Structures are given as structure tokens and as C-alpha cells.
Amino acid sequence: MNKNSTNIMALAPKSSNKRDTVCIFGTGDFGRALGHKLIQSGYPVVFGSRSTQTSSLIPKGAEVMSHAEAAQKAAIIFIAIQRQHYNFLTSLAEILHGKVLVDISNNSKINEYPESNAEYLAQLVPGAKVVKAFNTVSAWALQSGTLDASRQVFVCGDDMAAKQLVMDIVRILGLTPLDQGSLLAAREIENYPLQLFPMWKFPILLSLGLTTFFFFYCLALDVIYPYVYQKKDFSFFIAITIPNKICPILALILLGLVYLPGVLAAIIQLYRGTKYRRFPDWLDKWMLCRKQLGLVALAFASVHVLYTLVIPIRSYVRWRTSDRIISQIQNNRTEPLNTTNAWLSDSYLALGILGFFLFVLLGITSLPSVSNNVNWREFRFVQSKLGYLTLILCTAHTLVYGGKWFLVPSSYKWYLPPVYMFSLIIPCSVLVVKFVLIFPCLDKPLTRIRQGWERNPQYSEQSNYIINKSAV
Amino acid sequence: MNKNSTNIMALAPKSSNKRDTVCIFGTGDFGRALGHKLIQSGYPVVFGSRSTQTSSLIPKGAEVMSHAEAAQKAAIIFIAIQRQHYNFLTSLAEILHGKVLVDISNNSKINEYPESNAEYLAQLVPGAKVVKAFNTVSAWALQSGTLDASRQVFVCGDDMAAKQLVMDIVRILGLTPLDQGSLLAAREIENYPLQLFPMWKFPILLSLGLTTFFFFYCLALDVIYPYVYQKKDFSFFIAITIPNKICPILALILLGLVYLPGVLAAIIQLYRGTKYRRFPDWLDKWMLCRKQLGLVALAFASVHVLYTLVIPIRSYVRWRTSDRIISQIQNNRTEPLNTTNAWLSDSYLALGILGFFLFVLLGITSLPSVSNNVNWREFRFVQSKLGYLTLILCTAHTLVYGGKWFLVPSSYKWYLPPVYMFSLIIPCSVLVVKFVLIFPCLDKPLTRIRQGWERNPQYSEQSNYIINKSAV
Amino acid sequence: MNKNSTNIMALAPKSSNKRDTVCIFGTGDFGRALGHKLIQSGYPVVFGSRSTQTSSLIPKGAEVMSHAEAAQKAAIIFIAIQRQHYNFLTSLAEILHGKVLVDISNNSKINEYPESNAEYLAQLVPGAKVVKAFNTVSAWALQSGTLDASRQVFVCGDDMAAKQLVMDIVRILGLTPLDQGSLLAAREIENYPLQLFPMWKFPILLSLGLTTFFFFYCLALDVIYPYVYQKKDFSFFIAITIPNKICPILALILLGLVYLPGVLAAIIQLYRGTKYRRFPDWLDKWMLCRKQLGLVALAFASVHVLYTLVIPIRSYVRWRTSDRIISQIQNNRTEPLNTTNAWLSDSYLALGILGFFLFVLLGITSLPSVSNNVNWREFRFVQSKLGYLTLILCTAHTLVYGGKWFLVPSSYKWYLPPVYMFSLIIPCSVLVVKFVLIFPCLDKPLTRIRQGWERNPQYSEQSNYIINKSAV
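Residue numbers (my numbering), protein chains in the order written: chain L, 14 to 485; chain W, 14 to 485; chain P, 14 to 485.
These are computed hints drawn from the structure, not numbers from a lab. Do not take every clue at face value.
Where chains are identical, the list cannot tell them apart; a pair therefore holds if satisfied intra-copy or between any two copies.
[Stated by the list, open to error] Cross-link-like lysine-lysine pairs, in silico, DSS-like; alpha carbons within 30 Å at most:
{"#": "1", "residue 1": "K447", "residue 2": "K244"}
{"#": "2", "residue 1": "K298", "residue 2": "K398"}
{"#": "3", "residue 1": "K398", "residue 2": "K122"}
{"#": "4", "residue 1": "K426", "residue 2": "K73"}
{"#": "5", "residue 1": "K447", "residue 2": "K304"}
{"#": "6", "residue 1": "K245", "residue 2": "K398"}
{"#": "7", "residue 1": "K447", "residue 2": "K122"}
{"#": "8", "residue 1": "K244", "residue 2": "K86"}
{"#": "9", "residue 1": "K457", "residue 2": "K122"}
{"#": "10", "residue 1": "K426", "residue 2": "K298"}
{"#": "11", "residue 1": "K426", "residue 2": "K244"}
{"#": "12", "residue 1": "K457", "residue 2": "K398"}
{"#": "13", "residue 1": "K73", "residue 2": "K298"}
Model, not experiment: these values are computed from the prediction.
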């Protein structure tokens, strides 16, 4: 058996011992860093520059020549120039014909120009194959090699072969290429590095708004009310007591908001009798940021736990404790153990602990490396079954905590309800509707709809296919 | 030097600007979602269907034709049909000859059929190259692009080239292909999405069983005993006091069970004088779920920590504190500081805190993204050295906590030992045996055995090579 | 359109249905494990060995023959032999000519030989293409398939095609190849598996040193001082009280040390007027271990939190509480609520809680899987903006905590300042300098320098290009 011959064939596409020359236009910060990294990985590099003097900043081993000369040396050219200076490339159109041009530029504002830089480049040099890539990597990260942040390089382009070529280079540099499709995606890719947690904006703004509202509500009832009617200065409640009321309320409301859109979607699907019609836009967006809503809720819950656990260390609480004991003694009155109170206190603590424990578990499974290691059935089991159990436990925790005050008139200062009651509205509604949806008379048609069945098939004729943009 | 010519060669296998047409049999939910995604990634898509009417649900840009016509257009055909309907494919055998058929089907039960769907398909169309893939991805995930759960696509097949082709498509769709070997692996791959945490079953069932046992044990001693003999109602102990006894006990027992199989394996290897004989099956399985055992133990330990930290907030504990102080005053008796008690109390708390801290550290290093970034020496240092230190600290925590009660007869209600004593049996045994194994007279031969040395080489002749199934 | 022909071309490089034969020299532990794994993945495997008797340990399906015969069967040969026995390979030089030799060996000590094993192999067999790979994978991991630790396989070599071939095999075995460049990198790759957290050495040694110093400082002031002057035995402070002073001090000092090098670097760049001159070595190293410093600081902060939360459970604290209440009653003296004290106590707790919460958030974003999913702007926002906020909160926490004691002479025992004051020096200095650097007169030139502007361009002529070794 002639094994060797097969092998030589397998090696054929890469039979030369050297990598192909790569050209970089521009000797700025990023161009040099990229050139340095390419040389390290075994690529011969030529720089195209206006001044062909070899500066000491140019990485060792690279040549500098005029743009035209450099372009002729290589089949792939990185354009490490700012968009404003692109227009000189039109004069090189002939030399650049058929070459792969890699647009690595970034803008300083989101949607700064009508078309993306890469599309603009493709218009300027129509004969070239333009690929967008590398704009998410910083020069500093390339230089230092400490790629703590993303190793992902988004790549897009209209020419498959050119894109493949660029993706191979990305891989050889130790980065992970992600094909984002045609050059139309360049706009999104150019906006990406300018984004600051776009999915987190809504949850964070919402919780800031709610925090402000509840803060002033609590301030009125807990600080201003006793000051006005009892002349007592409880201003120090601002540090711990009031935040420790706001945090659990927000945690519970946000957790409820995580499960509300799912319930709404089920109602809409049942009403429409089909899953092939798009949800309203607000519902779509809401569903996409459920993970972020849940994690913000978990953050509030964690702070609530810490605030609660330091209670016995607080100077005020220690004073109150000794004050009570002393007054009991002075009045010569000893209280027996109130078993009902012990039950209530212990059970709301236990419910809270178990709810928080499950909540942390949900948070851990939402870590990318963990969720990548479970299958769909497991992921949905955790996020749906365990998620609802968490919601039930946390709602019960709040109900038991406040239970005894519902009917006590003194807890309605200024005719306003105690603040924790607000937190119960959404979770209780979600749980009630979810409970109704479990009944077979509703669950069965819903399951069928979700498997593709349609009550009125004519609907689908009018509808458009559900197209969600691919997640970047 | 003619650079361009080299380059053209490098591009040759992909020289056309378009991807190859892909065919999908079946216009169901998954077929359409897959077609949509393929079109997004630049593949021309044709659907093979019984009815060739273009429905509005078919993704834009795709053609629908008869099965035979569609199959002729492409070299790769996704079979998005349920297994029950596979048999019509036999009539297309001639057209399908030499084509790559991708079986993406799933079953509704584990091991539903005698052979896997992919093998069944290969039997039906013997001339085709069957590849199993994509069954772990859900239609919804493909549609919405929010692949929160696994991006991993398990691929298997007997034809290397066909498998390679499918793996390339997987990569271009932004997913991660994992080669699982020949078509024999299809059974395991088809069972995979039906699994619900298979590795966690044993640890969770074990801890449920132990929890039940210890719950009734504690109920008898802590609630029923005082009710019977002292007419006191401590039923509220069920909420916190009893769980806070069960959790640390289970955490310690399970942590002991993590290190017990390693110790047993060492004894077996020392006794046999070789590492080339397979361990008994139960030991193999036990060793494979050590990570899960440890994480369940960590969960119990975390709940124990929370339960312990809320102690001073409990209504019962506050009542007890003030009751004690009041009775001290009424009896006009002041206790001086008991330094021994202070030492015992502080040191068991400190041991517990340090043990828990190391335990959490172990948990963090078992996160996939963390353990992927350490080398073997580091991984074993953390899991073995730090792991034993955790076990020692936690055992010492329990010993110091209970130390003073060992010899007090009143703690043996109904002649039964206090419940925490049960938790000490396994960890203490593990630590004693491990301590013995460290002695050079045992450690040296063990190290040599683990490096491949055999005391009685004839053994190995009879033994089979250790084959553990590759982890899915 | 003749689709099939295009397809056949696409398949060409892998047109045969079988993988190419792979040869392994050496039938030791690793050789057999590797052979087993290769056979599982569909490679025909031949072993080259001195004794050609097929042992029962050889994986089924593999052939054993003489080295010369085995080498002729394959284009790629794994050298699973120890370096000491390499010299016999010179006799096979002719047969090995043009073959790919994969050096998988490891040493037992860092830098054991003057040249790396792979380079030594390349010298012995100059006609072969030597590739270094697989040395970071353990035989046990290959055998059992439970690759809990790293799946990363570092690959280096001078021949691109040979390296590509080896990287393909790595991928097919389900591992992740990482190209580390030319064979010069072999030394670093061989040292890698012998390393034990090299980046953690400095932070851990530093914190051990500081811990020792502060321990004896606290011991003197808190245990020996009261023993000498008041004859009180507070030796039990060693368990919790003193560690709970050391932990927050170390956490704050180390957190300050995370941000100090960034401030120093800014000063150096401003002074030099360019970013193109290398930082002093100590600063470079310091900047590279900031993440580790921060995580060690987080560990100390977490232990501090646990130590603080158990305070009310401590026997000593409970005794002190009741002692105070009793003495209040006996002296018939009731204290009114001290609002200033309540404010101070509540605000230092609140500051600590918020600081710790942000600190944990920083820790979570430094998990590899999380930091891989954010872009640079987001990563820097978290690590810089949120990081400084954490530092401010934690410093404020310490300032408020100790505020009232600054001017009280009794807190200066033996004329020594209270220990927490030491912790404030570094964080306060960092915050003051950072505050100064924000002023536009300094911030503007710094920003320009970091974008590549130089005050005295002649500097750059003398300087060398900043070359940082790529992170392994």
C-alpha cells in the first residue's frame, strides 16, 4: 500500500513551507501591532506607506514600501487606515483588483456614517473582495498577548473564499473567527465595540427608576413620618434599613418580570391559535433580556442577604435589644416563648434561604461555560422548573414575612400600604396565571400549538416567517 | 517571486464564490429553521417535500421541489423527517447513492428502537454516506439565534469525508462540531438530548435518602423527645434547627465520599500490584461522579452557612438570649468570661469558615472555563492537596463543635448518639487510611505501580486493556 | 449545473474514506493511551518497538513492528520515548527523512537540559520535520476521556505543513490546538506542565509576608498588651478577632496594589512623553499579575465577610453583650439611642457591603468564560470604572470604621498606631494620584500619548519596539 502518496496529497494545499505574504496599508498603532503578531506567526509582512523610510517602530523583519509596490507582493491587504483617508485607494484600483481587502476600521460613534466603513471601501474599490474583520481586537491586546477580553473576531464579507482566507489567519493568530454573513453585517460589527452592555440597559434603567420610587416611598414612611409625628430622628435608616427594604422588593419584582413575558406569550399563542405570527416588538425585546433581568434581580437579592445578615452587628439593633431587655426587667415582666412567632420567623427565614440558594444556582447555570455543557432539556429544566420554584419560594418568603401586618391598621401610615406589598403584585399574578395554564384544557392546545399545529391555518398565509436577527 | 500563483492554489478548494447547494427533506419546524439559518450563512437551499407548493412558511430564497429533484441538486441532504416515515427513502436509493445524508432526528424515549435512527437510515439507503448531527440543537435555538444552551453539535459517521463536510457546515453556522467517531456512536448521541443530568442522579438520590433518614432521626430526638418528656413544643425546629443539623452532616459525608474511592483504588492497586487491571464497575462509576458528589456537598455546606448566619435573627434565639439574661439578673448571678468556651467557640467557627472558603475555591476551579485554563499539575494540586485540606478542616470543625458533648451522658437521648457523630465516620476513616498511605513503605510502591510498574507481570497477560468510554 | 463536480473537488483533499496511518515509537503508558485514542478516532496505528511481540497491553487493532518498518508505514511519527533514549533515532535518519516527528516528551524539572527536547530531536534527525505537541495532556486523561483539566494542546514547529497536520489530528481527537509559533517555543511548552501557578507566586508570597507581619503586630497589641498591663487572657483572639483584622487589611492593601501600577505607568508615560519606551521590568511583571493580586484580595475580603458575619454567634461576644446589659441594670443606668453612633455603624457596614458586592462582580467578570463574552469597551468599563468605585467604597468603609479612633490617644498602645491605619496608606495614595490625573491638564496629554503621539519624537529612534512575549 502506498501510504505516502495519499499523504502528499493531503498536504498539497499547504505544501510550501512558508505562509503567504501579507500586506498592511498604514503604519499606525494597530497596523504595527498586527504586523508584529503576523510575523510572530510566520507570515512575511510588507507595509504600504506614504513615506517608505523604515522607522524604528516598524516590527523587525517587515519591509516598508509604497502602497502600490506593497499591494503587488500580497494577495491579502489589511487596510489599517482611518476611513477619512480611504479615497486615495481609488487610484490603486487596478492593482487592488481581485485582492482581498480586510477592513479593520472602527468609528468613534454608533452609526456615524450612512454606510459601514467596509461597504464604503467596497464601493471605492469595486474589483476587490472586501472582508470586515479584526475591529473588535485592540492594538494593545495584540501587542501584549494578554487577551483577557474577547478572543472572538467577527468576520463578514460577500466573497466566501476571501472570508475563509481571513478566518484562517484569525485562527492562526490564536483568535476565534465568527462568520457573521455577508458585508451587510459590517454595520453591526462596526457598532459592536462601541456598545456598552446594550442588553443590560433596560434592566438597569428599570431598576434605577424603581429604586428611586421606592426610596422616596420608604423615606416618607420610615423617616419623615416618625419625625413629624413622634419627633424621632431615624435618618440613619437611609444607610441600611431602607436599602434592605428596597433590595428584596426589586429582586422579587424583577424575578416576576423574568417569568411574566413567558406567560404573556402563552396567552397570545393560545388566543391566536398559532405560533407562526410574530410577537409584538416589545414582547420580543422583553424576552431577549430575561437573562439580564434575572441577573440584576439576583444582584439585588445578594445585597439583601448581606444587609440582612449584618443586622445583629448594627449599633442601633444592639441598642434596641438591650433596651428591650432592660425595660422588661424594669417592668418585672417576662415573656414566655411565643411558638407562633418562632414558627413565622423561622419559616420566612428558611423560605428565603432556600429561595436564595436556588436563585444562586440559576445564576451559576447562566454562566456561559456552564450553560454550554448542558443539553436543551437540562437547560430548560433548570431555567423553567427551578426558576418557578425559586419564584414560589421567594414570594412565599415575602408573604410569610409580611403576613401578620396585612390586617393591622397601624402598618398603614398615611393610609399608604407597607412597601413590601408592592413587590407581591407581579409575582403573585404570574404564579396565578401560570397555575391556570397548567390545567390540561389549556396546556394541551398550547403544547400542540408549540409543536406547529394551527387552529386557523389561513392565518399563516398572511403572516411573515419569524425572523430574529442572529445574536451578536 | 510569483506570489499570486501560490495564493490561487491555496484558494483552489474553495475557488467558487458560492457555497454548495444544500438539500433539506421535510418542511417541518426544524427543517425550516435549519433552512433559514443555512440561507443566512450563504448556502443555496432546496427543500424536498411531498407537496411542492411554496408555503409562506418556507424561508425566503429557498426552493421547494419533489424529493427526487431536490436530491439531485445537492451533494448533502438533511433528513428532517421523523423516523417512522424513513421507509419512502428506499425508493430514492439510486438518486441518493453517494450522497451525504445527515440524520438529525431524535426519539422521544431513551433507547426507543433496537438500533439508532442513523443506523436504520444507513440500512435503508446502503449507498449513501450517513452522518448523525444537529440532533442536540433545537429549532427554536436556530431560529432565534439565542443559543444560550449548548453550541456543541455532536457529529458521527463512518465516512470521514462526509463527516468533515458536515462539520464544516456546523462551524460556518457558528456552532462547535465535536467528532464522536463512527456511526456506532449515533445511539449515544440520540440519547444525549433526552438525558436529564445523568451524572447527578446517584449523588442526588443518595443525598435524598440520607436527608430523609437524618430528618426523622433529628425529629425524634429534638422534637418528639422534649414533647414526650418535657411537654415542650419545639415543632418550629423543623424550619431551621433540624435542616441546619442535616446540611452540615450531609456536606461532610458527601465530601468524605468524594475522597473514599481514591483511597479504595489505592488499596486495590497496592493489593493487586498493578494498575492494568480494571477496577470493579461500582468503583469506576463512583470515581466518575466524584465531581458531582463534591458539588452537592458544597450545596449543602452553603445552605448550612446561610442557616448558621441567620441564627441571631431568629425570633426564638432572641427570646432565649433575653430569657437567659433576665434569669441571670433575677438570680443575681453574673458569669465571668469562660476562656475555654471562648476558645472552643471561636476555633470551631474559624475552622468552619476556612473549610468553607477552600470548599468554595474547589467549586470555582471545577467550573469548565476555569479548569480549562490550568495544567494537569495545577488541577491535581487543587483537587487533591486543597481537597484534603478542606476535608481536614471540615472534619476538625465538626470534632471541635461536638467535642465537649462526647462524654456527656445527657446528650445520648434514648441511648442514641447525637446526630453529628454519624457524619464523622466516613471522613475520619478516609483521613486515617490516607495518613497511612502517605508512609513511604506504602507510598513508594504505589507511585511505582502508577507509573506502570507491575509486581506480578503475568497478571497483565490475562487482563484486558482499560477502556473507558469517551466522555460525551 | 453540474453540482456534483464542484463537490467532488471540495472533497478532494480528503477523498479517501480512511484516515492516514499514524506511527507511534514506544509502547509505554502514554504511547499506548495515545494509540488507543487514535484508533477510536479512526486512525490506523502502528507501533514501533524494540520487541515486536504483541503485548496484551497494546490497544486492539494496532500493529507492532520494528522501528524501521513502522516508520515506513506512516508519514507522521509520535516519539513516545524518553529523551535519554533519543540517540538511537540517528540510525533511522534515512527512513525518517521528510517525515513529521511529533515530540511529546516532558522533563521532570524546569529547564532540565540546555536545549528543549524537541530541538534536541531536530538536531539528531535533521531531515525530519519536528513538531512539539501533546506534552500537556496526560496519559490518564487520554485513556479515561474525562478531560476535566485543559483540553488545550500547545503545538509548535518550524514546518507549517507538518504543524497543520498535527493540529488537525489534535482537533479530531476532540482537543483544542494552539499554535505557539516556531520550534523555539518548545522550551516554554515543555516547561508549561511543570509550572504550578507561576502568576500566583508573587501575590501569594506577598500576602504570606504581610499576613505574618500583621499577625505579630496584632498579637502584640491585642493579646500581649492586655496580658501584660491588665492580666487578661485574650489568647482566643487568635482564632477570629485577629484574623478578622488581618483579612480586611490585606484585602485593601492588595486591591490598592492592583491599581498602583496603572497610576505609576501613567506618571512614567507623562514624564517620558511617549508610550513607545518599555516600562521597567518590575512594572511590566507587576501589571501582568494584577488579575491575580485582585483575586487574592477578593479571597481575603470574602473571608473577612464570613468572619464578620459570625461575630454575633461567638461565645465571647454573647458573653460581652449580656455582661454589658447586666452591668447597665446593676448601675441602674439606661443609655438613650446615640444617633451618631448608629449613623457611623450603619454607614460603614453599608459601604462595606456595597464594596464587597462590586468586588465579587469584578471577580465574576474575570472568569474566562465571562470575559470572553464582553467587548473591550465593556471589559475596561468593568475593570477600570467599577474597579475604582470598589476601591473608593472599600477605602471609605475603613475610614468610617476607624474614623472615631484616629484622635483617641488610648488607641495608640505602646505608641503604635492601630493596625488598620496601615491598610489605608496605599489605597489613599492611589486615589489621590488618580484624582490628580483626571484633571484635564494631565488627562489630555496622557490620552494623546496613549494614542501614539510623542512629545520628543527623537526618543523613539533610540527605543526598541515593545515586544511582550505572547501569553502561554
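Non-conforming hints, listed in increasing numerical order: Hint check: 1, 4, 6, 8 and 10 fail, others pass.
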